[in-house]
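Engineer: Produce the entire structure from the sequences given, and follow the hints as far as they go.
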Amino acid sequence: MTGQAAAAPAAAPIFDTDELVINMGPQHPSTHGVLRLVLRLDGERVVDADVVIGYIHRGIEKLSENRDWTQIILLTDRMDYVAAATNNLGYCETVEKLMEIEVPRRARYVRTVLAELQRMASHCLWLGTHAMDIGAMTVLLYAFRERELVLDLFEDYCGARLTYNSMRIGGLPLDIPTGWDAKVRAFCDIMEAKIPEYEELLTNNRIWLERTRGIGVISADDAVGLGLCGPPLRGSGVYRDVRKDEPYAAYDEFEFDVPLGTRGDTYDRYLIRLEEFRQSIRIIRQALDGLPEGPVMGKVPRLIKPKAGETYHAIESPKGELGYFIVSDGRATNPYRFRVRPPSFCNLQGLRPLIVGHLVADVVALIGTIDIVLGEVDR
Amino acid sequence: MLDTIVIPLLKIAVLLNAVLVSVTFMVLLERKVIAWAQSRLGPMRVGPYGVLQAIADPIKLMIKEDIRPVRADPMLFTLAPILSLVPALVVFAVVPFGGDELFYVTDINVGLLFIISVTSIGVYGIILAGWASNSKYPLLASLRASAQLISYEIAVTMTLVSVILTAGTLSMVGIVEAQQQSGLWFAFVQPVAFVLVFIGGLAETNRAPFDLPEAEQELTGGFHTEYSGMRFALFFLAEYANIIVISAVVAILFWGGWLRPFPNVEALAFLDLIPGWIWFFGKMFVFLYIFIWIRATLPRYRYDQLMRLGWKVLIPIAIGNIVVTGVVKVLL
Chain A
1 MTGQAAAAPA AAPIFDTDEL VINMGPQHPS THGVLRLVLR LDGERVVDAD VVIGYIHRGI
61 EKLSENRDWT QIILLTDRMD YVAAATNNLG YCETVEKLME IEVPRRARYV RTVLAELQRM
121 ASHCLWLGTH AMDIGAMTVL LYAFRERELV LDLFEDYCGA RLTYNSMRIG GLPLDIPTGW
181 DAKVRAFCDI MEAKIPEYEE LLTNNRIWLE RTRGIGVISA DDAVGLGLCG PPLRGSGVYR
241 DVRKDEPYAA YDEFEFDVPL GTRGDTYDRY LIRLEEFRQS IRIIRQALDG LPEGPVMGKV
301 PRLIKPKAGE TYHAIESPKG ELGYFIVSDG RATNPYRFRV RPPSFCNLQG LRPLIVGHLV
361 ADVVALIGTI DIVLGEVDR
Chain B
1 MLDTIVIPLL KIAVLLNAVL VSVTFMVLLE RKVIAWAQSR LGPMRVGPYG VLQAIADPIK
61 LMIKEDIRPV RADPMLFTLA PILSLVPALV VFAVVPFGGD ELFYVTDINV GLLFIISVTS
121 IGVYGIILAG WASNSKYPLL ASLRASAQLI SYEIAVTMTL VSVILTAGTL SMVGIVEAQQ
181 QSGLWFAFVQ PVAFVLVFIG GLAETNRAPF DLPEAEQELT GGFHTEYSGM RFALFFLAEY
241 ANIIVISAVV AILFWGGWLR PFPNVEALAF LDLIPGWIWF FGKMFVFLYI FIWIRATLPR
301 YRYDQLMRLG WKVLIPIAIG NIVVTGVVKV LL
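Sequence order for the protein chains is A and B.
Heads up, the first sequence stops at 379 in this note's numbering, and the numbers go up one at a time, no gaps.
Heads up, the second sequence stops at 332 in this note's numbering, and the numbers go up one at a time, no gaps.
Everything labelled a hint here was simulated from the structure, so no lab data went into it.
For clarity, every value in this text was computed on a predicted model and none was experimentally measured.
The beta-carbon is built from N, C-alpha and C at its ideal position, and this holds for glycine as well.
The reader is advised that the hints may include incorrect statements.
[Claimed, not checked] Cβ-to-Cβ under 10 Å is the rule here; a few derived chain B residues that face chain A:
hint	residue
1	L143
2	A208
3	R302
Structural biologist: Right, dumping it as structure tokens:
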């Protein structure tokens, strides 16, 4: 017996440790749609992560190359479906740039109001789900309560509540209904009063601080290197806001601040988005105060057929820099090449470096903090 | 015969049914209170103001298909929900709902010790459920449950030592009587202990902000991910029965059980017109409400933060509390 034991290979240690591979998504309540993460865990600590996308790919870019220029507006709604108006805006402005169409000032003002309302609706959704991921369930309902009011405003304006199709190349399909600006003002007052309500539940909450401060820190250099945009980039203290750097719509006529973070952690990104609520309210009030009279549709040829050429135009969507690259061959009534730079996709690039080294509980918080919409990631 | 078998059995039957029924209404209460906190209505469809939801839910769970994953451990998978429910019900044996013998099943001289030991068995149900499901998310949940167990159990037990020191007895009835003699509820004598036990109670019942083992946003339901139908309902019953237990224990240990406020002040004697058990249920209800209120308000701790809280904050305070209590006790 002893001889046999000596000949046997050294026994494996009694307590073997092994990495656990766990599949998070695409059907997981906290992956905000159909994101899939393959996590390699040591205990609860994430050793490595694979981010898998593509579950909601509908080929919007390719579809767009077979639609005429006006029909594409409808498709852009379906990318970032929680911020359809900014998608419309980005696309319409790109085509206007390509065709050198002058947009009436009133249309640009109303577009700005719509875009900022949309930013608040999108941030409401982000705030609610982000807080929900961390376990604060009441904030979700509070944020959705206010988002509902924005959707009502959109319904008043264009009849739709989610996919608006609210803009046209050269301006807007409709002027604002009578009394709509008063409703928007009333909403701004309500929203201003509700932000402290969110802050009361979260900003100084010890558990919230412990769950977000120092979690998912990303330095300014890394943020730029990863190509992040929007609040995640500004959270790391990089000053980049398309509204300021390359003003579009009527942003150059308004005063507003661009909040910047200092530590680049989840808490900073939270504070920045809350501050963006306030800045959006500020912009909307200025726009409504100075709303010029006039037409809402510019001089647009009956057949939209840009001359041959290509252009790139970016706007600041709620999620970050939303860019459109469009090539026209000058002969067809559809784009030759249609390509979107979706902010969610670029920000998703930062997810893996963010979550490696953190715990499973932080993973859901970090998916929330970069604020992705999978419809836009996959398109 | 009548005194030793029939009456105790009757009491047990009444108590068990009362607990199980109140659990279903506790679920309704939670849904309603959270809904109000979140500016919505909650269940409104079944019966007036959704009152019958409490009956509809159990019926639905009972007639649901009983699914057991193929690769689950059949015995443990069935045992786990039972193991978590039974201790939660057994504890009620020593919980006095009033001063009269009619209001408790038994008053053993180590009542508090009995409660501590039996409630900690309940966690094995969760740990076993996670293990027996043979699934990854439940496994993570059961690891969390184990980590959580050692973090709060020690602190709570140590805190209870100072209560025992103050009361000089382990009997639940005795502890209330001690509060009657001293004329002060122990919440005023032992405020620190009260806070610690309540926090520990939140962790013990896996309630927010310590609901790590079920954390639906992270672990998709945690230990009960693979459970459905009646087995799931047993976990549910256990969780809410535990909440009722903790509320009752806190009411007894710190808020004078069935005693009226300021039990020795003669001027308030008119309050004695209200029977003791109403006082008791009133106090219990307040704590049930606080449980729900906390859930609606706070985000969830991470499990390493819970362990840090347990080991670095709660346990030192509990030890300090014992020392202070001991010194005061000796000096007086």
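Engineer: List, from low to high, the hint numbers that the structure doesn't satisfy.
Structural biologist: none
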